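Chain by chain, the residues run as shown.
Protein chains: 4
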Amino acid sequence: MMKAMRLEEDFGLENIRYRDLPDPEPGPGEVVIAIEAVAINPRDRLMMLGGYGRMGGRPPLIPLCDGAGRIAAVGPGVDGVREGDFVFPHYSRTWPRGLPDPSAHGGAHGGPLDGTMRALMPVPATAVVQAPVHLTAAEAAALPCAGVTAWSAVVEQARIKTGQRVLIQGTGAISLFALQFAKLQGAEVVLISSSDEKLERARALGADHLINYRDVPDWHKPVREMTAGLGVDHVVDVGGAATLENSIGAVRTSGSISLIGVLGGSRPPFDLGRVVTRNIRLQGVTVGGRDMAERMAAAVAFHRMRPALEEKRFAFRDLAGALDALPEGRHFGKVVCEDF
Amino acid sequence: MMKAMRLEEDFGLENIRYRDLPDPEPGPGEVVIAIEAVAINPRDRLMMLGGYGRMGGRPPLIPLCDGAGRIAAVGPGVDGVREGDFVFPHYSRTWPRGLPDPSAHGGAHGGPLDGTMRALMPVPATAVVQAPVHLTAAEAAALPCAGVTAWSAVVEQARIKTGQRVLIQGTGAISLFALQFAKLQGAEVVLISSSDEKLERARALGADHLINYRDVPDWHKPVREMTAGLGVDHVVDVGGAATLENSIGAVRTSGSISLIGVLGGSRPPFDLGRVVTRNIRLQGVTVGGRDMAERMAAAVAFHRMRPALEEKRFAFRDLAGALDALPEGRHFGKVVCEDF
Amino acid sequence: MMKAMRLEEDFGLENIRYRDLPDPEPGPGEVVIAIEAVAINPRDRLMMLGGYGRMGGRPPLIPLCDGAGRIAAVGPGVDGVREGDFVFPHYSRTWPRGLPDPSAHGGAHGGPLDGTMRALMPVPATAVVQAPVHLTAAEAAALPCAGVTAWSAVVEQARIKTGQRVLIQGTGAISLFALQFAKLQGAEVVLISSSDEKLERARALGADHLINYRDVPDWHKPVREMTAGLGVDHVVDVGGAATLENSIGAVRTSGSISLIGVLGGSRPPFDLGRVVTRNIRLQGVTVGGRDMAERMAAAVAFHRMRPALEEKRFAFRDLAGALDALPEGRHFGKVVCEDF
Amino acid sequence: MMKAMRLEEDFGLENIRYRDLPDPEPGPGEVVIAIEAVAINPRDRLMMLGGYGRMGGRPPLIPLCDGAGRIAAVGPGVDGVREGDFVFPHYSRTWPRGLPDPSAHGGAHGGPLDGTMRALMPVPATAVVQAPVHLTAAEAAALPCAGVTAWSAVVEQARIKTGQRVLIQGTGAISLFALQFAKLQGAEVVLISSSDEKLERARALGADHLINYRDVPDWHKPVREMTAGLGVDHVVDVGGAATLENSIGAVRTSGSISLIGVLGGSRPPFDLGRVVTRNIRLQGVTVGGRDMAERMAAAVAFHRMRPALEEKRFAFRDLAGALDALPEGRHFGKVVCEDF
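Sequence lines, in order, name chains H, G, C and B. Everything in the first sequence is counted per numbering that gives the first Met the number 0, starting at 0 for the first residue and increasing by one. Everything in the second sequence is counted per numbering that gives the first Met the number 0, starting at 0 for the first residue and increasing by one. Everything in the third sequence is counted per numbering that gives the first Met the number 0, starting at 0 for the first residue and increasing by one. Everything in the fourth sequence is counted per numbering that gives the first Met the number 0, starting at 0 for the first residue and increasing by one.
Quick caveat, the hints were computed from the structure, so don't treat them as lab data. A portion of the hints provided could be inaccurate.
[As the list claims (entries may be wrong)] Facing chain B, according to a computed beta carbon distance under 10 Å, are these residues of chain C, among others: (1) Met54; (2) Ser265; (3) Phe301.
[As the list claims (entries may be wrong)] For each label pair, taking beta carbons as the anchor points, the in silico distance ranges come out as: (4) C/Gly228 <-> G/Leu12: 42 to 52 Å; (5) H/Arg329 <-> B/Asp217: 53 to 63 Å; (6) H/Arg69 <-> C/Met54: 31 to 41 Å.
[As the list claims (entries may be wrong)] Over the 12 Å line for every Cβ pair with chain B, so calculated as not near, a few chain H residues: (7) Arg5; (8) Glu13; (9) Gly50; (10) Ala72; (11) Gly76; (12) Pro121; (13) Ala137; (14) Arg202; (15) Ala203; (16) Asp270; (17) Gly320.
Here the structure is a predicted model, which is why all the values come from computation and not from measurement. Backbone N, C-alpha and C fix where the C-beta goes; we use that ideal spot for every residue, glycine too.
Chain H extracted, bound-state conformation (with noise of 0.2 Å):
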């Protein structure tokens, strides 16, 4: 019998109960992942609290999408992957390439797909992706679904160029992803926080100028300044109604937004007018096929990048523990829970 924690009758966090479950065996076209770590995204909170409706499948149901592991056991007709390596599922069994369709969240996992908290997860070896070697397991599960949002944003669909400047919003797992791959993309990157030493972290991390948007709530200007009055080449937003208006005001004429997250609001007013004479592009961003994810860890790999992870470590049993960390301002880069 394997740890899991799962969803039981009905969503809702008191649902949850940490059990055991019969261990799982590789069907054919299958891999079984010894799961080592989990890690933890605004998405499962509202998962297991039923807000996804339909797309969120029905309890019972095995939360999160990102955990890392080692292949545990291979069924028959697997090519490709073996016993031992080390490894992360991707985010959804449904999208193997590219932008998402219509079904590429239905084969999400943590909801409506069975997900990784447990001690072994079946799935499907084209679902697989081989984690860099010298990463922690800690570190690989943050890449799943932070790490790929943050490639698809800003190095497949903003394609960001060395020598651009992005913006980058905040010290959560996406945005310091999104600073660390536009370093890896030769950016030079402007990055706000409402924390002097969360900003000063980040400098370590790679950002080139920093902005302490409580000190300077109209920290678009200052963008605009140190770019001779141009505005930024991108802008990586997260906050949705709390910085639309700064991110429309800190980009150049032709430059790019992408919206990922809605700390501040999923329901932001904006100036149309200058998005239109501008000719601004705002791009929503969510994950990214497997084609992405392999991409990511390449570069992850030959960079020997480290994902930021929360310093505060969790334990698997802890679930409750590791999402109060999560509101903005309570964490610095991934929450992930290790002990099964």
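Starting from the known structure of chain H, fit chains G, C and B onto it as the hints suggest.
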């Protein structure tokens, strides 16, 4: 002396005078166009009212960016443009190619630079586009601003493929150009309007599906139904606050929306969460480079496409009448002035 | 028992047998297609001769990748495909989206995997495409390989815009699909052939300009003349060594050439200097992902497009006769076999 | 009077004279650059020999397109460029943005228009680019032709992503720029050369893997091995007939090859079948628009990148010596002339 309309001491429609000005001579690298027809854009009205601030220049100012006619004189050093050529001036003298950069609007005709509303217009030869010869001057005059904007949105930025589905809003000049260009690209087009009569005229221009949004305020619902629940590939949004929510509801996962107009309000609230989770692109669109104007003119010429013009024509002197015809709902296609 | 053609002990056309095989049952996630017609590609001939080495698999092997029919049986766990649906199998089971990756050809039908040349074909439901219902089975059978290849070349990779000019070579199946798709995208098409009769048939399919390359071996010269000396925007090259030099001569600065065929030799010499100084793109093209097949099918359905088929039809058993019809110059459009 | 080198009666290196010419005055919209250093490209040699025919203009002609210096005078109507600015002239005056169109080469310096090889060079202000201020004039002079060409190839056309693998051939100026830009984009670079000493110098510039192609003529084999049999994502081919076959062997399925040089012959035979079945792109590359020069200069400035210059410097008068240093194998990086 030539006839011209000009804003004299200050902005404001009351400051426009019909007057005689000295005939211009072409400088080095310049040509003079004998303007035969001009067309009106919502932009022009705002410009004449002083609504663009510094970007709109200063009176005395000859308004309008749209016009067409024949080359009346050729200055020294001009190559590739000859006396008698049927041409239109490109929207801006400082926008040779592609999407706008910060200098693109600075060379725009009708503000900040003198525009088309005069019998003789001197222009750098590099800012002149050969007009399709099957068109009347009034039809060619419709192309520079609304034509290129719709072309940039549908063909260059959304890159519509044959067989894709496109939703068009209303029957203003940009919308009807977008309809025609989407059809030339082989798309299936849904058009919405508040008037059954205009819907029938849109059908004659190629629209495949028609919806009266007065009768069906939730028009995104039948649009999803006619696309097997998926949504259309692209929406050309001109309504802003009045339409953006429905546009998001009508577009497919990973689809895109051109943001072109603010007819229904310039501060649209919208459900950011759906834009994020469905990876939707919102693309502001403003005119385009001279290379786009040339590609558009080539397509119009090859297909013998005729721009849709409002039936009621206005005399050159009756600028006030033409401006009165502009508001949504009063016209179908481009409003033009012809008789000097 | 079902009828099938199968390579038995070894590669070689003499080893193909018409025989009875057990009726297949659909496994989990699979459907069975009752094949009504199949079509032949130059690839298939080479495959049957063993010309693809390891990539072609090993006998016993059922040849051909092209075919169409109706769903006869649906296995457990299949969603979105129903008994009676009119479908064609995608070219490869391991190519869900986009351009090929190393695994794309590994799941190809007709080598290395069993193909369409049998009355009943089991296929994963995820590798099945809904065929346009206005087509006959023979017409739909023409789509999987030649149709998708031409679509990838013209629509997805060259991204032809309306009003652009495209040059098509010959009247083989890929060339005629390229002609039809270029017309659906609104392009102006020049087609060259060695036969005046075939040129007239190409005109009926939409070709705007015709050149008999027997009469005009330097056909790139009139092509440049008819484009004001500039050259066409795109060339679909199927002749390889026999045509590449002229293709380069016919294409405009910054234009592109699809490299699809080697009919005139597989080691084309060419003037590299002109490719460099004129920034020309040469793009090898091989079929495409299932997403392309779906977009192509949507366009064919919307436009009621009918693939061009060689008039002479062959019986299923007369594979030898069908293969004899394949060489350039003997057919017009796709060669199909129908009667089992 | 200013010093200049000029082709006098006819093409041919013997017709170049070191002479005094009248100091130029800036016309409307023009600036005058006080040239401090110039650099030599293979293009320039061919131009001086008359090898470009009509495209090269007619003597008297001042050669060279590469140079850098400070603004000595500013004509009327110039905006955004000031006396004392450290600048280089863009390669062509008629190439504002993007890939070349038919008019792009018509405004090139050093043929058909007068070039940089003079103490004072008048240029339209719109054709001037601000040089990175950390560079010497000799370093900045290396940027206009070779720098922009490598930038266009690696950053704009191949769109290298971080973590991708790029193969670079040789240690000429374009190759070393391609190496540096690929590293700035976060790529993993394999560089081949015939000299162990040059390989070591390339390592110092960032090359990750080195192959001496004298020792390993089939260098594509170890390249495939080091990429798990897949091949690199991109090859920068400068060898033409001497390298194209191996370049095709070294690149992955759906990868791309920049065709930039013809050092090893201009009529490369190649295996077209592999290009087709593996969907490989061969992209001719020639310089780029002024917008690319500006983006490149921004990246060079931000990263404090220093172009690689051949150690041996030449006096301005010793053009013959500089040209002798150009052939492959004799130099490392850009050949420059400094003393007037």
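Do the hints match the structure? See the list:
no.: 1; hint: Met54; in the structure: holds (9 Å)
no.: 2; hint: Ser265; in the structure: holds (5 Å)
no.: 3; hint: Phe301; in the structure: violated (27 Å)
no.: 4; hint: C/Gly228 <-> G/Leu12: 42 to 52 Å; in the structure: holds (48 Å)
no.: 5; hint: H/Arg329 <-> B/Asp217: 53 to 63 Å; in the structure: holds (57 Å)
no.: 6; hint: H/Arg69 <-> C/Met54: 31 to 41 Å; in the structure: holds (32 Å)
no.: 7; hint: Arg5; in the structure: holds (36 Å)
no.: 8; hint: Glu13; in the structure: holds (43 Å)
no.: 9; hint: Gly50; in the structure: holds (34 Å)
no.: 10; hint: Ala72; in the structure: holds (24 Å)
no.: 11; hint: Gly76; in the structure: holds (21 Å)
no.: 12; hint: Pro121; in the structure: holds (26 Å)
no.: 13; hint: Ala137; in the structure: holds (22 Å)
no.: 14; hint: Arg202; in the structure: holds (16 Å)
no.: 15; hint: Ala203; in the structure: holds (19 Å)
no.: 16; hint: Asp270; in the structure: holds (27 Å)
no.: 17; hint: Gly320; in the structure: holds (35 Å)
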